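There are 2 protein chains.
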Amino acid sequence: MPHEEKNTRVLLDSRPPSFPSPANFRIVTDAVPKVGRDEVLLKTLWLSIEPYMILGMKGSAPHSAKTGSDRMANLANGYLGGVEVGTTMYGPTVSRVVQSNNRKFAVGDVVSSYSGWQEYAVDDCTTLRKLEMGTVPVTAALGVLGIPGMTAYAGMKLIARPSAGETVVVSAALGPVGSVVGQMARIAGARAVGIASGAEKCRYLENSLGFDAAVDRLSTNFAQQLAAACPRGIDVYFENAGGAVWWAAFPLLNEFARVPVCGLVAKYSGTHLDTGTDRTMEVLERLLLFRIKAQGLFVFDHADLEPQFLQEMLTWVSQGKIKYREDIVDGLSNAPQALVAVLTGKNVGKLLVRVAA
Amino acid sequence: MPHEEKNTRVLLDSRPPSFPSPANFRIVTDAVPKVGRDEVLLKTLWLSIEPYMILGMKGSAPHSAKTGSDRMANLANGYLGGVEVGTTMYGPTVSRVVQSNNRKFAVGDVVSSYSGWQEYAVDDCTTLRKLEMGTVPVTAALGVLGIPGMTAYAGMKLIARPSAGETVVVSAALGPVGSVVGQMARIAGARAVGIASGAEKCRYLENSLGFDAAVDRLSTNFAQQLAAACPRGIDVYFENAGGAVWWAAFPLLNEFARVPVCGLVAKYSGTHLDTGTDRTMEVLERLLLFRIKAQGLFVFDHADLEPQFLQEMLTWVSQGKIKYREDIVDGLSNAPQALVAVLTGKNVGKLLVRVAA
Numbered sequence: 000m001p002h003e004e005k006n007t008r009v010l011l012d013s014r015p016p017s018f019p020s021p022a023n024f025r026i027v028t029d030a031v032p033k034v035g036r037d038e039v040l041l042k043t044l045w046l047s048i049e050p051y052m053i054l055g056m057k058g059s060a061p062h063s064a065k066t067g068s069d070r071m072a073n074l075a076n077g078y079l080g081g082v083e084v085g086t087t088m089y090g091p092t093v094s095r096v097v098q099s100n101n102r103k104f105a106v107g108d109v110v111s112s113y114s115g116w117q118e119y120a121v122d123d124c125t126t127l128r129k130l131e132m133g134t135v136p137v138t139a140a141l142g143v144l145g146i147p148g149m150t151a152y153a154g155m156k157l158i159a160r161p162s163a164g165e166t167v168v169v170s171a172a173l174g175p176v177g178s179v180v181g182q183m184a185r186i187a188g189a190r191a192v193g194i195a196s197g198a199e200k201c202r203y204l205e206n207s208l209g210f211d212a213a214v215d216r217l218s219t220n221f222a223q224q225l226a227a228a229c230p231r232g233i234d235v236y237f238e239n240a241g242g243a244v245w246w247a248a249f250p251l252l253n254e255f256a257r258v259p260v261c262g263l264v265a266k267y268s269g270t271h272l273d274t275g276t277d278r279t280m281e282v283l284e285r286l287l288l289f290r291i292k293a294q295g296l297f298v299f300d301h302a303d304l305e306p307q308f309l310q311e312m313l314t315w316v317s318q319g320k321i322k323y324r325e326d327i328v329d330g331l332s333n334a335p336q337a338l339v340a341v342l343t344g345k346n347v348g349k350l351l352v353r354v355a356a
Numbered sequence: 000m001p002h003e004e005k006n007t008r009v010l011l012d013s014r015p016p017s018f019p020s021p022a023n024f025r026i027v028t029d030a031v032p033k034v035g036r037d038e039v040l041l042k043t044l045w046l047s048i049e050p051y052m053i054l055g056m057k058g059s060a061p062h063s064a065k066t067g068s069d070r071m072a073n074l075a076n077g078y079l080g081g082v083e084v085g086t087t088m089y090g091p092t093v094s095r096v097v098q099s100n101n102r103k104f105a106v107g108d109v110v111s112s113y114s115g116w117q118e119y120a121v122d123d124c125t126t127l128r129k130l131e132m133g134t135v136p137v138t139a140a141l142g143v144l145g146i147p148g149m150t151a152y153a154g155m156k157l158i159a160r161p162s163a164g165e166t167v168v169v170s171a172a173l174g175p176v177g178s179v180v181g182q183m184a185r186i187a188g189a190r191a192v193g194i195a196s197g198a199e200k201c202r203y204l205e206n207s208l209g210f211d212a213a214v215d216r217l218s219t220n221f222a223q224q225l226a227a228a229c230p231r232g233i234d235v236y237f238e239n240a241g242g243a244v245w246w247a248a249f250p251l252l253n254e255f256a257r258v259p260v261c262g263l264v265a266k267y268s269g270t271h272l273d274t275g276t277d278r279t280m281e282v283l284e285r286l287l288l289f290r291i292k293a294q295g296l297f298v299f300d301h302a303d304l305e306p307q308f309l310q311e312m313l314t315w316v317s318q319g320k321i322k323y324r325e326d327i328v329d330g331l332s333n334a335p336q337a338l339v340a341v342l343t344g345k346n347v348g349k350l351l352v353r354v355a356a
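Those protein sequences? They're chains A and B, same order as listed.
0 is the number of the first residue of the first sequence in numbering that gives the first Met the number 0; add one for each residue after it.
0 is the number of the first residue of the second sequence in numbering that gives the first Met the number 0; add one for each residue after it.
Since the hints were derived computationally from the structure, they do not count as laboratory data.
It cannot be assumed that every hint is accurate.
Unchecked claim - Below 20 Å or equal to it, Euclidean Cα-Cα: the simulated PhoX-like pairs (lysine-lysine) are:
#1 A/K33 x A/K103
#2 B/K33 x A/K156
#3 A/K33 x A/K57
#4 A/K292 x B/K103
#5 B/K129 x B/K156
#6 A/K292 x B/K345
#7 B/K292 x B/K156
#8 B/K156 x B/K103
Unchecked claim - Derived Cβ-Cβ restraints for the label pairs, each shown as a range:
#9 A/F255 x B/A105: 54 to 60 Å
#10 B/E311 x A/E199: 56 to 62 Å
#11 B/P136 x A/A227: 36 to 42 Å
#12 B/Q223 x A/F255: 36 to 42 Å
#13 A/K33 x B/F221: 28 to 34 Å
#14 A/N220 x B/K322: 33 to 39 Å
#15 B/K103 x A/N220: 25 to 31 Å
#16 A/A243 x B/S17: 49 to 55 Å
#17 A/P250 x B/I327: 55 to 61 Å
#18 A/F255 x B/D329: 37 to 43 Å
#19 A/L54 x B/K156: 32 to 38 Å
#20 B/R102 x A/F255: 34 to 40 Å
These figures come from a predicted structure and were not determined experimentally.
All residues carry an ideal CB built from backbone N, CA and C; glycine is no exception.
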């Protein structure tokens, strides 16, 4: 019985100066919390480890989400609100209902939740979604059928809108967002070019995920390789990286290119240093002369899209048109190291921590 | 009779190294050209002097316009094609038909044309539009009812789309684009804040054009003044300037702000130097975190909008809802100095050269 169990939690112990380390976390074990009216007790099965979590470790973002859905608004506030030092580290989870005071959820239901880095969590059910995955494993709800997949979907449907024959380049292409972006580009009949770190990841993109080309950002002649992989320039640059990757893609942008700005891992992780003379006016001039659109993308702004996303993506995944790969780390206590690994690009698939599955 | 007249033309004599001077031009007088089949002979009444002309002096742009209209495509190619050294300087004109082999145009018709800096021009009629201005003077066809006005209109209707209560900031606010942007913001119920150079221009924006506030970019505390003029931040930043003006507006951009990038006079004119450390990643991060859209704007991409623009703008101008001011320079030979004046922001109204009116 959960009430007799202890609850192990990973707390944020200190804010990272720039790049985080496991020493920024502390593990505690205390009592499983009591379940109130309309609440459920969740047992965490899987944690998702995602690069944006560095932002939450550093503090809250100075803004909030505009969204038409309470569930999405609450989720967004989870992402944007940051993590207070001394509290449980945040993050999306797949959990099982082990006790329920809410008639919408029954004991045994497996749900998409936002319990953070702990074994048990009481949830007020405002952000819970019961998983209905058909034959697809529930872990996909943290990847292609979760926030990362929906991020890719929203960016492609609302900003990028590639046409057949166009070239779509995505950075961090083997990440859970990037891999969906590239596969959606292929579904749209576009040329999909992925940027990833290392030859192994590039082979995987080309051989297993069907990208037309993949370019290793660690190569010494990375920019030339990217240009060679894009003989007709770039019509969509889906930005997850920033830094040197941005500067390689930027001069290849075609007229009327669309640039969803989805992530800047290079900046978050502190591996990118802003050096050299300011090039902002050069960027604005290219936007002007080439009539390029660059737009920040935050999935929680697009709650309206969720039903369409879940339906279409589940179909694609079930049909094998969208593939995914998972890297699994065992044990809650290994979550801090897993986050460091994600930020340094060490994982190949979507990184999950198996807590109790 | 025109055939007995001589044709005075202003040629581009050399490309400017950075900032242009009258010495880059040369005046010649030769025969009025012969009119071929389906062509007309135009007598130039008015020349428009516009900042983008520095681009044409420097050479052709590396791209072409996507447009559904032949007339617009030809016009766009005029803008983008650049000017060959030794040929007539390009530019929009208002002209009178003085000889016609085309049954669509009669002698005496006043037309919007693209004759460039010369007294007479033979025109194949592919870009001509007969002016039907009601009670509005024909010179407005080079300003609020011409390419500058349509640029503002397209940017506001397609990218900026301000709502009532939002704050719209426009740089080069007294220019023929910026002044329409601010007045359209007011029509939409938004707060209009203009940036201009000098106290006189600012007073004119506030007192005559109905801007809610105007900020002098030459003030020592310009950035603080802009912030004070935008107590609820900036929802639309209509960029005509670049450089220091961009950097003052950038930190004020709200979530979901729209940034039509329409011009970068500071960059074209060489008055802006890119100094300091590269801030491109900082810009991309704000786009991301604040879900801002920045998009290059080129009026000729939006030919479809022309009938709607002409109808709505003519109504606004006739009703006095959109006002404009013109600065007139007399004589074709003064066009080079006039262009230098536009690039240094010396004019207050739309700068026109009266050639034969």
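Hint by hint, here is what the structure shows:
no.: 1; hint: A/K33 x A/K103; result: holds (19 Å)
no.: 2; hint: B/K33 x A/K156; result: violated (54 Å)
no.: 3; hint: A/K33 x A/K57; result: violated (30 Å)
no.: 4; hint: A/K292 x B/K103; result: violated (39 Å)
no.: 5; hint: B/K129 x B/K156; result: violated (25 Å)
no.: 6; hint: A/K292 x B/K345; result: violated (32 Å)
no.: 7; hint: B/K292 x B/K156; result: holds (15 Å)
no.: 8; hint: B/K156 x B/K103; result: violated (32 Å)
no.: 9; hint: A/F255 x B/A105: 54 to 60 Å; result: violated (39 Å)
no.: 10; hint: B/E311 x A/E199: 56 to 62 Å; result: holds (58 Å)
no.: 11; hint: B/P136 x A/A227: 36 to 42 Å; result: violated (56 Å)
no.: 12; hint: B/Q223 x A/F255: 36 to 42 Å; result: holds (38 Å)
no.: 13; hint: A/K33 x B/F221: 28 to 34 Å; result: violated (58 Å)
no.: 14; hint: A/N220 x B/K322: 33 to 39 Å; result: violated (57 Å)
no.: 15; hint: B/K103 x A/N220: 25 to 31 Å; result: violated (57 Å)
no.: 16; hint: A/A243 x B/S17: 49 to 55 Å; result: violated (29 Å)
no.: 17; hint: A/P250 x B/I327: 55 to 61 Å; result: violated (43 Å)
no.: 18; hint: A/F255 x B/D329: 37 to 43 Å; result: holds (41 Å)
no.: 19; hint: A/L54 x B/K156: 32 to 38 Å; result: holds (35 Å)
no.: 20; hint: B/R102 x A/F255: 34 to 40 Å; result: holds (37 Å)
In the structure shown, a violation is registered for the earlier hints numbered 2, 3, 4, 5, 6, 8, 9, 11, 13, 14, 15, 16, 17, in ascending order.
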